[in-house]
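Asks: Take a look at the letters that make up each chain.
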Amino acid sequence: MKCTFCEHELTPEMLREKGCGGCLGGCRKIHCPYCGQENPIVPELLEKFLKDDKHKA
Amino acid sequence: MQSQTQTEKKIILVGNPNVGKSVVFNTMTGSYTTVSNYPGTSVEVSRGQCEIAGEHYQVLDTPGMYSLLPITEEERVARRILLEESPHVVVHVIDARNLERMLPMTLQLIEAGLPVVLLINIMDEAERVGMHVDIALLQEKLQIPVVGGAMGRAKRGLWELRDAIRDFEVSKATFNYATDLEKDIHGISELMQGDYTLNRRSLTLMLLQRDEEIAERVKDREGDRYERVEKAVNDTIFDRRVDLHLRISLERKRICNGLLGGVITQKDGNQQTFADHVSNWTMNPWTGVPLLLIVLYLGLYQFVGGFGAGTIVDFLEGAVFEEFLNPWVIGLCETYIPWYWLNELLVGEYGLFTLGVRYAVAIILPIVGTFFVAFAVIEDSGYFPRLAMLVDRVFKKIGLNGRAVIPMVLGFGCDTMATVVTRTLESTRERIIATLLLALAIPCSAQMGVILGLLSGVPGALMAWMVSMVGVFLLVGFLAAQIVPGERPMFYMEIPPMRLPQIQNVMIKTLTRMQWYFMEIFPLFMIASVLLVAGKLSGALEWLVGMFNPVMRLLGLPNEASAAFIFGFFRRDFGAAGLYDLQTEGLLDPVQLTVAAVTLTLFVPCVAQFLVMQKERGWKTSLTIFFLVTGLAFAVGWALNKFLLMTGFLV
Chain B
6 MKCTFCEHEL TPEMLREKGC GGCLGGCRKI HCPYCGQENP IVPELLEKFL
56 KDDKHKA
Chain A
13 MQSQTQTEKK IILVGNPNVG KSVVFNTMTG SYTTVSNYPG TSVEVSRGQC
63 EIAGEHYQVL DTPGMYSLLP ITEEERVARR ILLEESPHVV VHVIDARNLE
113 RMLPMTLQLI EAGLPVVLLI NIMDEAERVG MHVDIALLQE KLQIPVVGGA
163 MGRAKRGLWE LRDAIRDFEV SKATFNYATD LEKDIHGISE LMQGDYTLNR
213 RSLTLMLLQR DEEIAERVKD REGDRYERVE KAVNDTIFDR RVDLHLRISL
263 ERKRICNGLL GGVITQKDGN QQTFADHVSN WTMNPWTGVP LLLIVLYLGL
313 YQFVGGFGAG TIVDFLEGAV FEEFLNPWVI GLCETYIPWY WLNELLVGEY
363 GLFTLGVRYA VAIILPIVGT FFVAFAVIED SGYFPRLAML VDRVFKKIGL
413 NGRAVIPMVL GFGCDTMATV VTRTLESTRE RIIATLLLAL AIPCSAQMGV
463 ILGLLSGVPG ALMAWMVSMV GVFLLVGFLA AQIVPGERPM FYMEIPPMRL
513 PQIQNVMIKT LTRMQWYFME IFPLFMIASV LLVAGKLSGA LEWLVGMFNP
563 VMRLLGLPNE ASAAFIFGFF RRDFGAAGLY DLQTEGLLDP VQLTVAAVTL
613 TLFVPCVAQF LVMQKERGWK TSLTIFFLVT GLAFAVGWAL NKFLLMTGFL
663 V
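For the record, the sequence lines run as chains B and A. Following the working numbering, the numbering of the first sequence begins with 6 at its first residue and continues without gaps. Following the working numbering, the numbering of the second sequence begins with 13 at its first residue and continues without gaps.
Derived by calculation from the structure, the hints in this document are not laboratory data. Any given hint could be a false lead.
Now the in silico label distances, taken between C-beta atoms and shown as ranges [what the hints assert, rightly or not]:
hint : chain 1 : residue 1 : chain 2 : residue 2 : range
1    : A       : S183      : B       : P38       : 30 to 36 angstroms
2    : A       : E67       : B       : P48       : 46 to 52 angstroms
3    : B       : P38       : A       : V482      : 46 to 52 angstroms
Below 20 angstroms or equal to it, Euclidean Cα-Cα: the simulated SDA-like pairs (lysine to any residue) are [as the list claims (entries may be wrong)]:
hint : chain 1 : residue 1 : chain 2 : residue 2
4    : B       : K34       : A       : R511
5    : B       : K7        : A       : I515
6    : B       : K34       : A       : V518
7    : B       : K7        : A       : R88
8    : B       : K53       : A       : Q527
9    : B       : K7        : A       : E85
10   : B       : K34       : A       : R435
11   : B       : K34       : A       : M519
12   : B       : K7        : A       : N30
13   : B       : K53       : A       : L523
14   : B       : K34       : A       : E532
15   : B       : K34       : A       : L523
16   : B       : K53       : A       : M519
17   : B       : K7        : A       : D392
18   : B       : K34       : B       : H13
19   : B       : K34       : A       : M531
20   : A       : K265      : A       : E112
21   : B       : K7        : A       : M531
22   : A       : K265      : B       : Y39
23   : A       : K548      : A       : M538
24   : B       : K7        : A       : Q516
25   : B       : K34       : B       : E14
26   : B       : K53       : A       : Q514
27   : B       : K7        : A       : P82
Glycine included, every Cβ here is placed at the ideal spot set by N, Cα and C.
Using the sequences plus the hints, can you model the full thing?
Replies: Next comes the structure, spelled out in C-alpha cells:
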C-alpha cells in the first residue's frame, strides 16, 4: 500500500514497527517512516471481500 | 552453475516502487528467473539471466528504493545489493511522468560512482498527457546513457536498453553543490583512504546526512583513521548549524531543476491539466485560504456537523434510543432486576446501556464515521501535502513548519496518536511546541463533531468558538516560539500528484478506521460508565463535582457542567457527549454553550493523551503542559464569558 500523505510505498514489513501502545487490542495502523502519517491497516475480511468483488466484476 | 553465475556480469535494476522495474526484469530475462530472500533478510530479490550480443549477464531486480539513504528494510537491502554485488551496469528505472521527483536519485547513483544507465519508463503515458522528454539533451547533460521506454505491452526501448548495456562506458560526470558544501565534502573525502565500492564523495555526503550503516562501513575500512573522519564530520555538522540532510536534498533538487531545463516540454494546449491548476491554487495563499475555508465548511461544518452530528445523531439518539431502545431496556431491567445498584449500573444515569452504549453508538459513532468519510475524501485527493505547503509560512511564526501539519491534522482524528507522531518533527523545540498545541487547541474528531453539531444550531456561537480556537492556537504558538529554545529547521517535501478520490479507497479507509475506533472506544466507554456509577453510589463523584462547582460558577456555567469536564478527562469525546446531554436538556443558554464548548475544547488532554505525553516528553514537560493547558482553558473561558456578557454578543 501507499502512504496516504506522501505516497511512499509501505510494506508489510513495516507492520512490525512498534505502535505507541495507546490503543486497546494493539495498533491497527502503519505509521509511515517517511512522514509519520497513520495509515489504516485494512482488515483481512474486508480486503478479501473487495478482492472477490473485483474479481467478479 | 555457481561458478558460471559468479563470472557473469551483473545488471542491477533499481528505482522507486511502481515504475515498472519488474516488467523490465521479466522482459529482459524471460522465464529464467529465481526468487529468494536476500541473505540475512526476509526481503525477496529476483535474479535471472539474459544474453546481450553473445554475452551472458545476471539481472537482479531490487526492492523499491527512494534514495541511497535507506529508511526501510527493503531500501537497506537494495542499497546493500549495490554495495556488495559489483554491478557491471545499474539500470535506474524512473517514471517519465515523475521525472522531477525521481531524478535526484539518479544523481545520487552517478555521484556514488556507480555505472548508471537511466531508463525513462512509462513514456507512452507521459506522451498521452502531452509531455515530451528530450532524451538526447538529458543524456548530454547527465553524461550517462539515457533510454526512453514503455516496457508494458509494446516493449518500447528494450533494444535501446540492451544496446546501452552492451556499449556501456563508465562516466566521470560530477555535479557541483554550493561552494561551502563542496569544500566540506572535499575536506572529509581527503581523510578517507580505504577501499570502497562507492566513491568517497558519495560516502561523505551520506556521513554528513548521518547514515549509521555507512559510518560503520567507513569505520571498518579506515581503522585508526576513522577518528579523524568522524571528528571532521561532526565539526562540519556543528559548524554549519543547519540541517545538512535537508540542505543536501535541496542542493540536489536545485541541480536536477537545472538539468531538466529544456528537457521537458508540453504540447500546446496541454501545458497544465486541471489537476495541476487546482494543485497550484491550493498552495497559493490568495486562493489556498479561501479553498481551505470551503473545504472546512463543506467537509466539516456541513457534512460532519450538519449531517453527522445533526441528522444521523438526531435519528439514532432521539428516535432509536430515546423513544424505542431506552424505554424497552429500562422496562426490562426494572421488571426483572430487583437490586438498585445493578439497575443503576445497567440503566441508571451513568448506566452501561443508557450512557456507555448510547454515547458510543448513537452520538460518537455517527460523528466519527462522517468525519472519517470527509477525512478519507480529502486524504485521497492529495490535498494534505498541499495544505502543509500552504500553512508552512504561518507555522514558521509559531516555531513550527509545514511538516507539523501531519501531527496537527492527525490530532483532529486522535490527539493521543498525533502526540506520538510529533516524533517525526526534526527538533525537540518543534516537538514540545506541537505537543503543547495538540493538548491545548486541537479537538479530536468526536469532540469536534459534537461541538460542531451543537454550535451549528446557535448563530454566532460557532464563529466565537472558531475565533477563540484559532486565536489561542496562534497566540500560544507564537509565545511558545519565543520562549522555547532551539533551532528552526527548514521544510521541504515532495508533492504527490492531485487526483480525484476513489470511492473504493474512501470506503475502505472509512470502514477500517470506524472499526478500529469503535473497538477502541466501546470498552473504554463501558469502563468509564462503571467508574461513574461507582463514583455516584459511593458519593465520590458528588464530591468531585462539588470541587468543580466554584470553577463552573466563575465561568458562568451551571453546576451540572462539572460532570462534562470530569468526563472530558476520561476522554475528550466523552466530555463533548456530556455537553451534548446538557444542551439537549436545555440547561445552557447560547453564551454558556459557547463558553463551555471553548473551555472544554481547550481543557486538559484526556488520560491517554497525558500518558503518551509523559512517555514522549517526560514528566517535567508533560506536567508543565498539563497545568498550563488547564490554567489557560479556564482563563480563556472566564474571559470569553465576561466578553460575551459585556458586548451582548449571543445574548
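Asks: Taking the hints in turn, state whether each one holds.
Replies: Verification of the supplied hints:
{"no.": "1", "hint": "A/S183 - B/P38: 30 to 36 angstroms", "verdict": "33 angstroms, holds"}
{"no.": "2", "hint": "A/E67 - B/P48: 46 to 52 angstroms", "verdict": "50 angstroms, holds"}
{"no.": "3", "hint": "B/P38 - A/V482: 46 to 52 angstroms", "verdict": "32 angstroms, violated"}
{"no.": "4", "hint": "B/K34 - A/R511", "verdict": "23 angstroms, violated"}
{"no.": "5", "hint": "B/K7 - A/I515", "verdict": "16 angstroms, holds"}
{"no.": "6", "hint": "B/K34 - A/V518", "verdict": "16 angstroms, holds"}
{"no.": "7", "hint": "B/K7 - A/R88", "verdict": "19 angstroms, holds"}
{"no.": "8", "hint": "B/K53 - A/Q527", "verdict": "16 angstroms, holds"}
{"no.": "9", "hint": "B/K7 - A/E85", "verdict": "16 angstroms, holds"}
{"no.": "10", "hint": "B/K34 - A/R435", "verdict": "16 angstroms, holds"}
{"no.": "11", "hint": "B/K34 - A/M519", "verdict": "16 angstroms, holds"}
{"no.": "12", "hint": "B/K7 - A/N30", "verdict": "10 angstroms, holds"}
{"no.": "13", "hint": "B/K53 - A/L523", "verdict": "14 angstroms, holds"}
{"no.": "14", "hint": "B/K34 - A/E532", "verdict": "13 angstroms, holds"}
{"no.": "15", "hint": "B/K34 - A/L523", "verdict": "13 angstroms, holds"}
{"no.": "16", "hint": "B/K53 - A/M519", "verdict": "14 angstroms, holds"}
{"no.": "17", "hint": "B/K7 - A/D392", "verdict": "11 angstroms, holds"}
{"no.": "18", "hint": "B/K34 - B/H13", "verdict": "15 angstroms, holds"}
{"no.": "19", "hint": "B/K34 - A/M531", "verdict": "14 angstroms, holds"}
{"no.": "20", "hint": "A/K265 - A/E112", "verdict": "8 angstroms, holds"}
{"no.": "21", "hint": "B/K7 - A/M531", "verdict": "25 angstroms, violated"}
{"no.": "22", "hint": "A/K265 - B/Y39", "verdict": "18 angstroms, holds"}
{"no.": "23", "hint": "A/K548 - A/M538", "verdict": "15 angstroms, holds"}
{"no.": "24", "hint": "B/K7 - A/Q516", "verdict": "15 angstroms, holds"}
{"no.": "25", "hint": "B/K34 - B/E14", "verdict": "15 angstroms, holds"}
{"no.": "26", "hint": "B/K53 - A/Q514", "verdict": "18 angstroms, holds"}
{"no.": "27", "hint": "B/K7 - A/P82", "verdict": "17 angstroms, holds"}
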